[in-house]
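Residue numbers (our numbering), protein chains in the order written: chain A, 1 to 296; chain B, 1001 to 1154.
Errors might be hidden in some of the hints.
[As the list claims (entries may be wrong)] Pairs of lysine to aspartate or glutamate residues, derived as DMTMM-like cross-links and limited to a Cα-Cα distance of at most 25 Å, are as follows:
hint, chain 1, residue 1, chain 2, residue 2
1, A, Lys259, B, Asp1068
2, A, Lys243, B, Asp1031
3, B, Lys1151, A, Asp257
4, A, Lys79, A, Asp123
5, B, Lys1055, A, Glu47
6, A, Lys248, B, Asp1090
7, B, Lys1077, B, Asp1135
8, A, Lys259, B, Asp1102
9, A, Lys237, B, Asp1090
10, B, Lys1148, A, Glu252
11, A, Lys271, B, Asp1091
12, B, Lys1151, A, Asp268
13, A, Lys259, B, Asp1031
14, B, Lys1055, B, Asp1102
15, B, Lys1148, A, Asp123
16, B, Lys1054, A, Glu47
17, A, Lys245, B, Asp1090
18, B, Lys1128, A, Glu252
19, A, Lys259, B, Glu1120
20, A, Lys259, B, Glu1036
21, A, Lys271, A, Glu199
22, B, Lys1148, A, Asp268
23, A, Lys259, B, Glu1105
24, A, Lys240, B, Glu1036
25, B, Lys1151, A, Asp132
26, B, Lys1041, A, Asp123
27, A, Lys248, B, Asp1091
28, A, Lys259, B, Asp1135
29, A, Lys259, B, Asp1039
[As the list claims (entries may be wrong)] According to the in silico footprint, chain B covers these stretches of chain A (three or more CB under 8 Å from chain B):
hint, region
30, 46 to 55
31, 208 to 220
32, 249 to 255
33, 263 to 272
Simulated from the structure, these hints should not be mistaken for laboratory data. These figures come from a predicted structure and were not determined experimentally. Every residue, glycine too, gets a C-beta built ideally from N, C-alpha and C.
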Amino acid sequence: MKRFVNYFMVFALLLSAMVYSCSGGKTNQSEADTELTEDTLAQDEMEIMLPTPSEVLSIVLTSGIKYSDGYMAPLDIEKKAVMVKHKALVLGVYFADFAYANYYNQRNASSEYFKALQELTRDLGVGSILNDAYFKRFDANLNNPDSLDAIFEDFSQNAYNTIIESGNRELLSMIGIGAAIEVLHIGINSIENAANPDEAIATVIDQSAVFDNYYNNFIAYNSDKPEFKNLTDDVTKIFKFFKEKLAKANNESVVTDSKQHFTISGGDTAKLSKTDLAQLRSMVSDVRKKLIDLKY
Amino acid sequence: MFKQIILSASLVVAAFVTVNAQCTGFHTTRDCTPPEIEDFKRFGQSRSRLVEAKKTFTYQVVLFGGYDYKIGICTEKGYYPVQFRIINADDNSVFYDNANDDYVETVGFTVEKTKNVLFEITVLASKKEFKDATDSRVCAGVAIYWRKVPKTGF
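For reference, chain A alone in the conformation it holds in the complex (with noise of 0.2 Å):
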């Protein structure tokens, strides 16, 4: 009998479950305000979207720069890193690493972080929402070229929001300080090799505006963490830099050129001196060192 039961209650669960998916979340109103907290946002709710280190690097590897696999941080730290905090921090230098081997087409690379992005996805259990949209495609396609620049860039670009879209908010908050870091590091050092400095240090200032982003969204869900504390205070000092550093002058404008189309004019920011340049590359650097070395 007491067997019956529990079978019995297993199957009244399952079925409650399909009915609720099915049923798209519509219920009775008395179960309302707790469906409300997860997946619908109160009115003054926001939710800070954050760009794909592959779709920075677009914009920050500007022509002329060369690809240096010095700049990207040494494999296997993944093999190191035991905490949840550190394989998501390193998880997201890894992410930034992966794009940028990527966007030079330098598939050996590619293939190494892409293999260590697979590690700590499962490690940090959100392997599998990625395994069947990337990892199986990969691992099937190993001696296909072609597919594999298909799957990396696929993955460049959908990644984030396929871990947002499973739930995976705060986590992603975490590996996103990690990308952002990363990719600020990349394009401060990338400087040096541009055919053009003075592009490339206007795209380290578009970088503010990601910045901004990804610090705020890591802020959100970290911010009173204890274990989180010294890298808290540590990226708040770069954010803190680029809003005093970079002032708008509030001059955008919309020019409406035809019916359905426009145009956001204006916006312009100060210039980084070559000192600024310097002690933001002395910010990033040593919070990324810390980041690498798992001193967080």
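Chain B: place on chain A using the hints.
Below, chain B alone, put in the same frame as chain A:
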């Protein structure tokens, strides 16, 4: 007993995940795809999610300078129109409001300088009557496509 609790919890979580996942990729559907995007790529900050009709969903994105954008807004049949506004995150000034444009579902624009903006989406569902609050839940998607501004001249 412990196993039962774990099992029950897992099933409840599974149900929630399934509900959340029902809107996954909604922005990739044909209804959400703006026209004439041959030279454009999908932007990673495109988004789908479950929203409540008549309530505003806001999200902050980064738009890169020197790029053209095309945006498609979509929801489920019977829940249109959708109001869509693009707001300057620095001073909350409104760059665009499709209410001034008969609630069109696609718009194209160019951004000269990289900036943080807010996308505000409100599923108005003006012809829909809801039986209860939960009936108003619906998928909404914002599909963003982008390309570098083509060089002009000789």
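Discussion item. Of all the hints numbered above, which does this structure not satisfy? Sort the numbers upward.
Written reply: Of the numbered hints, 2, 15, 18, 24, 25, 26, 28 do not hold.
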